[in-house]
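Sequence order for the protein chains is A and B.
Counting with our numbering, you get residues 6 to 278 for the letters of the first sequence.
Counting with our numbering, you get residues 6 to 278 for the letters of the second sequence.
Source of the hints: derived by calculation from the structure; they are not laboratory data.
Keep in mind it's a predicted model, so treat the numbers as computed, not measured.
Do not rely on the hints blindly, as some may be mistaken.
It does not matter which identical chain is meant; a pair holds if it fits inside one copy or across any two.
Said to hold, decoys possible - In silico DSSO-like cross-links for lysine-lysine, where the CA-CA straight-line distance does not exceed 27 Å:
(1) 18 with 232
(2) 19 with 93
(3) 41 with 19
(4) 46 with 232
(5) 134 with 220
(6) 19 with 134
(7) 232 with 220
(8) 134 with 18
Protein chains: 2
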Amino acid sequence: MPRLAFLIEYHGKKISGSQFQLGVRTVQAELEAACKTLGRKEMRVHLSGRTDAGVHASGQVGHVDWPDTGEKDLDLWRMAWALNGILKSDISIVDMQLVDETFHARYRATSREYVYRFLNRAQRSVFLKDTHYLVHYPLDVEAMQDGASRLLGRHDFSSFRSTGTSQSSPICTVTRSELLQLGDGRLEFWIAADHFVYNMVRIIAGTLTEIGLGKRTPDSVENALEKSDRDLAGPTAPPWGLTLYSVSYPQNYNLFERDPSQRRLKEFSREDL
Amino acid sequence: MPRLAFLIEYHGKKISGSQFQLGVRTVQAELEAACKTLGRKEMRVHLSGRTDAGVHASGQVGHVDWPDTGEKDLDLWRMAWALNGILKSDISIVDMQLVDETFHARYRATSREYVYRFLNRAQRSVFLKDTHYLVHYPLDVEAMQDGASRLLGRHDFSSFRSTGTSQSSPICTVTRSELLQLGDGRLEFWIAADHFVYNMVRIIAGTLTEIGLGKRTPDSVENALEKSDRDLAGPTAPPWGLTLYSVSYPQNYNLFERDPSQRRLKEFSREDL
Numbered sequence: 006m007p008r009l010a011f012l013i014e015y016h017g018k019k020i021s022g023s024q025f026q027l028g029v030r031t032v033q034a035e036l037e038a039a040c041k042t043l044g045r046k047e048m049r050v051h052l053s054g055r056t057d058a059g060v061h062a063s064g065q066v067g068h069v070d071w072p073d074t075g076e077k078d079l080d081l082w083r084m085a086w087a088l089n090g091i092l093k094s095d096i097s098i099v100d101m102q103l104v105d106e107t108f109h110a111r112y113r114a115t116s117r118e119y120v121y122r123f124l125n126r127a128q129r130s131v132f133l134k135d136t137h138y139l140v141h142y143p144l145d146v147e148a149m150q151d152g153a154s155r156l157l158g159r160h161d162f163s164s165f166r167s168t169g170t171s172q173s174s175p176i177c178t179v180t181r182s183e184l185l186q187l188g189d190g191r192l193e194f195w196i197a198a199d200h201f202v203y204n205m206v207r208i209i210a211g212t213l214t215e216i217g218l219g220k221r222t223p224d225s226v227e228n229a230l231e232k233s234d235r236d237l238a239g240p241t242a243p244p245w246g247l248t249l250y251s252v253s254y255p256q257n258y259n260l261f262e263r264d265p266s267q268r269r270l271k272e273f274s275r276e277d278l
Numbered sequence: 006m007p008r009l010a011f012l013i014e015y016h017g018k019k020i021s022g023s024q025f026q027l028g029v030r031t032v033q034a035e036l037e038a039a040c041k042t043l044g045r046k047e048m049r050v051h052l053s054g055r056t057d058a059g060v061h062a063s064g065q066v067g068h069v070d071w072p073d074t075g076e077k078d079l080d081l082w083r084m085a086w087a088l089n090g091i092l093k094s095d096i097s098i099v100d101m102q103l104v105d106e107t108f109h110a111r112y113r114a115t116s117r118e119y120v121y122r123f124l125n126r127a128q129r130s131v132f133l134k135d136t137h138y139l140v141h142y143p144l145d146v147e148a149m150q151d152g153a154s155r156l157l158g159r160h161d162f163s164s165f166r167s168t169g170t171s172q173s174s175p176i177c178t179v180t181r182s183e184l185l186q187l188g189d190g191r192l193e194f195w196i197a198a199d200h201f202v203y204n205m206v207r208i209i210a211g212t213l214t215e216i217g218l219g220k221r222t223p224d225s226v227e228n229a230l231e232k233s234d235r236d237l238a239g240p241t242a243p244p245w246g247l248t249l250y251s252v253s254y255p256q257n258y259n260l261f262e263r264d265p266s267q268r269r270l271k272e273f274s275r276e277d278l
């Protein structure tokens, strides 16, 4: 059975998270249903990790073992078109690739990168309202940048984890933690780490918001990291500001170039025109 | 009666154009209804110009004569908040300003700038699908840039006007006509002119698309400009790629700074926190 990796985008507004849950729309269930329609067999789709209800992804990675069809070569490019024809418009398979059986979307992932987007202006934006967290009060961007920089390195993130969740290790190594100031009041907080604990990026985003509002100091981040106490971090920022940007795998898999313009477009003959 | 200018954003997906039409949602009708709710009188809202059904705006300008309330000073900032509270989330009043009675959103406009956005990649994007025209076939960006540059200057745009429309002058002076290549297959065509004829930007976008696909040459643009024949230009590109970006007025009105981050944010006291 050939193992196929997917590069997946989704808009979280009408999606109740990534992982299968009875009775609601999830990325996993939608992908499994589309695969079943196309491949005429039940399949299990594995994703790199869970995202919460309302969270977006521009670079989620999944894999599936596709049933043997007897055909010599699977035309992955046509399969992506067919699957997108089945999926609703808020989930898109951007690329597909054949991988060997050692690949696993979750267990082979070496790091993940998220972006949390803020809009700091008075009135709502009709274009950014579903992907940016609107903050009406003035934010001190330099203080937020200072706070963000203190997350770099290997720390215990127990203070930045929602309580009552799974017992994975709270120790994460953060390789990027950076707040960018774009034009028109837009801010982007970028964070990359080997792994993340539950709600970590949204709790960090809520903490940075409080720093920007002057409700706490940048060095309160270090205090929270040291003390392992959820009450020392800020509130959980809303899900619609968060996007899973990319997932990394060992080089030998050569998985997915990031620039979609490098991907194969439709070929046409003069007769198509 | 104080005259108020509005800076307006709207997302065109669920809007049947800017100008009042019986029985459908239009920007003008929504704004007039909101003004009536807040000001308790019928008011006429004037916009800088019409946009078609499905077209977006990030910098539409309008004005209204607000009924005298007897109050000494109108608090425009609170009024914008109140109006946005009444309007649905796909229309937003970004800024308001008091103007003198010589101002008129339509007749005082000196130029308008539009952006038409393309996405040139194989599979649809869940984030850009409502604001970008997806072209699956490879586009020759240099040829499109060449074609765009030939629109600069003063020309008769009869070939780039939908037939059966109003008899305004087809002579337009184009001061910017530029195709930008952004990352990830995104292209933006920017055009500014003193005025535009009906469907002009969408017909130019359709013509540039044909140039990008190799169906016509860049110099066919010049031929179309010279001959005044609609059949010599390309098809009308879809409305959702088009955004009215800004409208310019004489300097003496000091109308609206473009950077929203310069606009007044909410002020808060320690008690708000």
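Identify every previously stated hint that the structure contradicts and give their numbers, smallest first.
Hints 1 and 4 contradicted; others consistent.
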